[in-house]
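Chains A and B, in that order, give the protein sequences.
Each residue of the first sequence is one higher than the one before, counting from 1 in this note's numbering.
Each residue of the second sequence is one higher than the one before, counting from 1001 in this note's numbering.
The hints are simulated quantities; they were obtained by calculation from the structure and are not laboratory data.
Some hints here could point you the wrong way.
A few chain B residues facing chain A, derived, Cβ under 7 Å [what the hints assert, rightly or not]: (1) N1079; (2) I1206; (3) M1251; (4) L1253.
With beta-carbon atoms standing in for the labels, derived distance ranges [what the hints assert, rightly or not]: (5) A/Y115 x B/Y1226: 19 to 29 Å; (6) B/S1169 x A/S50: 50 to 60 Å; (7) B/Q1108 x A/S50: 29 to 39 Å.
Which chain A residues stay away from chain B? Per the calculated CB distances, all over 12 Å, these [unchecked claim]: (8) M1; (9) T15; (10) P30; (11) L34; (12) I54; (13) L65; (14) K74; (15) P88; (16) Q108; (17) E112; (18) Y115; (19) K119; (20) A121; (21) W138; (22) F139; (23) H140.
A virtual CB, placed ideally from N, CA and C, is assigned to each residue, including glycine.
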Amino acid sequence: MIKLILQVLAAGAGTIGFSLLFGVPSLYYPYCGLIGGIGWLVYLCLLPGSSATIATFCATVVVILLSRWFAVRKRCPATLFLISGIFPLVPGAGIYWAAYYTVSNQLQMALETGYGAVKVAVAIVLGIVFVFELPEKWFHKWNKKNNK
Amino acid sequence: MERSKHDREVLLAALEAGKLLLENGAEIFRVEETIYRICKHFGLTSASAFVLSNGIFLTSGDEEEKEAQFAKVLLIPVNGANLGRVAEVNQLSRQIENGAYTLEQVRQELKRIQHLPDFPETLQIAAAGFSGASFSYLFGGGWQDALCTVGIGILLYLYLLKIGKPHFSKIVCNILGSAWVTFLSIFCHRIFPGTHLESMLVGGIIIMVPGVAFTNAIRDMADGDYISGSVRMLDAILVFFCIAMGVGFMMALYSGMMRGGFL
Chain A
1 MIKLILQVLA AGAGTIGFSL LFGVPSLYYP YCGLIGGIGW LVYLCLLPGS
51 SATIATFCAT VVVILLSRWF AVRKRCPATL FLISGIFPLV PGAGIYWAAY
101 YTVSNQLQMA LETGYGAVKV AVAIVLGIVF VFELPEKWFH KWNKKNNK
Chain B
1001 MERSKHDREV LLAALEAGKL LLENGAEIFR VEETIYRICK HFGLTSASAF
1051 VLSNGIFLTS GDEEEKEAQF AKVLLIPVNG ANLGRVAEVN QLSRQIENGA
1101 YTLEQVRQEL KRIQHLPDFP ETLQIAAAGF SGASFSYLFG GGWQDALCTV
1151 GIGILLYLYL LKIGKPHFSK IVCNILGSAW VTFLSIFCHR IFPGTHLESM
1201 LVGGIIIMVP GVAFTNAIRD MADGDYISGS VRMLDAILVF FCIAMGVGFM
1251 MALYSGMMRG GFL
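Just chain A, same shape as in the assembly (with noise of 0.2 Å):
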C-alpha cells in the first residue's frame, strides 16, 4: 500500500518535472502532478487484472479526460497537461529492451518485446483520439455542474 502511494507520488513529481522542462508555467505544476500521479495509478490498479496496453489505454483515457476538464476550467490549452501527464504511460522500458535484444541477436524477444511497445503506443493513440472526440461542451457543463 505505502508502495503505491510511492509510486504515484513519484509519478506525480516526475511530471512535474517534465512539465518544468517544456516550459509550462509554474501555477499548473500542482494540476499536471495531480493528472501525472492519477494517470499512473489507474494503470497500476488495472494492470495486475488486464495487460498492458489495455492499463495504458484506460489510464491514457483518464488523463485526457481530467486535461480536457482543467485546461476548460483553467481556460488554457489542453496540451499543458496532457503532454506531461502521458510520459509515466510511454513505454520507455520497451524501448529499451527491443534494442538490448536486437543488439545482442535474439530476435525473437526483440520481436516480443517491440511488439509490446507499439501496442502501447497504440493504446496511447487510441486513448486521445477517442477522448478527444468529445464535444467541448460535455467538459463546460460539467465544470459548470461542479461549480454549482
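For this one, chain A is given, so just place chain B on it according to the hints.
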C-alpha cells in the same frame, strides 16, 4: 491605401502569432484557429491559411479587391516545445476577440511573448535529474537507482544543452545522447552495488523521449491534418529509433568488452 496597409499589418500580426505557436509545439488546428481569429477580428475575411507542422502559407485578397492582396510563406523548423508560450498566445487571441487590444498592441504583445525567457538552465538541469530519478523509481528501481539517475539525468541534460543540441544534427545528437545515458548507467551499475541497470537507463532515456512531437502528431492526424501529422510522427519515430540505436550500440560495446574480458 490606408486599408491595404492596415490589412498587411493584420496579416503580418496573424502570421507572427501562428509562427510563435508552431515554433513552440502547438497543434495545427490551434495555429489555424488563431490566425483566423486575429484576421476576423480586425475585419479581414478573405484570409486563407494552410498550415503544416513546419510551415505556414498565408494569403488574402479576393477578386473584387476589397481587401489587400497578400501572400507570405514561412518555413519553421520542427523543434523543441515551450508550452508556456503557446498558452500565452492562446490567451492573447482570446483577449483580442474580446476587443482588448489594438493592432499595435498585438504586435507588441507578440514580441513580448517571443522574448519570454525560458526557465533558467540550472533549474532545467535540476528538473531533468529529478524527473529521471522519479521515473527510475516507477520502473522498478530502488533508492540507489534513483540517486544515480539524478546524476545521469543531470549529465544527460548538460550534454543536450551544451553539446548535443547546439552542435549536432537531430539524429546524431539523439544517438550520442542515449549512448551517453547507457554508458553512465553501465558505469553506475558496475561501481555501485544494488543498482538495476534497467531502471537507471529507462529513467535517463525518458528525458529524451519526444513526448510533444508524438502527442501532437496524433492530434494533428485525428484532425485530418495528415501531412503535418506524418511529419511530426516521422520526427518522433526517428527520435525513438535513434534512442534505441544509441542504447543498442553502447550495450553491444559493453557485452563485447565483457566477453573479451577487458573488465
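These are the hints, each one checked on the structure:
The closest approach between the C-beta of B/N1079 and any C-beta of chain A is roughly 12 Å, which is over the 7 Å cut-off, so the hint fails. Below 7 Å, beta-carbon pairs count as interface contacts, and B/I1206 has one with chain A at about 5 Å; its hint therefore holds. For B/M1251, the interface hint holds, since its Cβ comes within 7 Å of a Cβ in chain A; the closest pair sits about 5 Å apart. A least Cβ separation of about 9 Å between B/L1253 and chain A goes past the 7 Å threshold, and the interface hint is therefore violated.
Between A/Y115 and B/Y1226 the C-beta distance comes to about 25 Å, which sits within the given range of 19 to 29 Å. Between B/S1169 and A/S50 the beta carbons are some 41 Å apart, a value that contradicts the proposed interval 50 to 60 Å. Our hint of 29 to 39 Å for B/Q1108 and A/S50 is violated, since their Cβ atoms are close to 54 Å apart. Every Cβ of chain B is farther than 12 Å from the Cβ of A/M1; the closest lies at roughly 16 Å, confirming the non-interface assignment.
Its beta-carbon lying about 8 Å from the closest one in chain B, A/T15 breaks the requirement of being farther than 12 Å from that chain. Annotated as non-interface, A/P30 keeps its C-beta farther than 12 Å from every C-beta of chain B; the closest such distance is 15 Å. Against the 12 Å criterion, A/L34 stays outside the reach of chain B, whose nearest CB is about 15 Å from its own CB. Distance to chain B confirms A/I54 as a non-interface residue, since its nearest Cβ pair spans about 19 Å, more than 12 Å.
With a closest Cβ-Cβ approach of about 15 Å to chain B, A/L65 is found to remain outside the 12 Å limit, as its non-interface label requires. Non-interface call for A/K74 relative to chain B: violated, since the shortest CB-CB distance, roughly 9 Å, does not exceed 12 Å. Separation of A/P88 from chain B is inadequate, the least Cβ-Cβ distance of about 6 Å not exceeding the 12 Å criterion. Every beta carbon of chain B lies more than 12 Å from that of A/Q108, the smallest distance being close to 16 Å; the non-interface claim holds.
At roughly 15 Å from the closest C-beta of chain B, the C-beta of A/E112 stays outside 12 Å, upholding its exclusion from the interface. Every Cβ of chain B is farther than 12 Å from the Cβ of A/Y115; the closest lies at roughly 14 Å, confirming the non-interface assignment. At the 12 Å boundary, the C-beta of A/K119 stays outside the reach of chain B, the nearest C-beta of that chain being 15 Å off. Some Cβ of chain B comes within 12 Å of the Cβ of A/A121; the nearest lies about 8 Å off, and the non-interface call is violated.
The claim that A/W138 is not at the interface with chain B holds, since no C-beta of that chain comes within 12 Å of its own (minimum 17 Å). With a cut of 12 Å on Cβ distances, A/F139 stays outside the contact zone with chain B, its closest approach being about 16 Å. Under the 12 Å C-beta cut-off, the non-interface status given to A/H140 relative to chain B holds; the minimum distance is some 15 Å.
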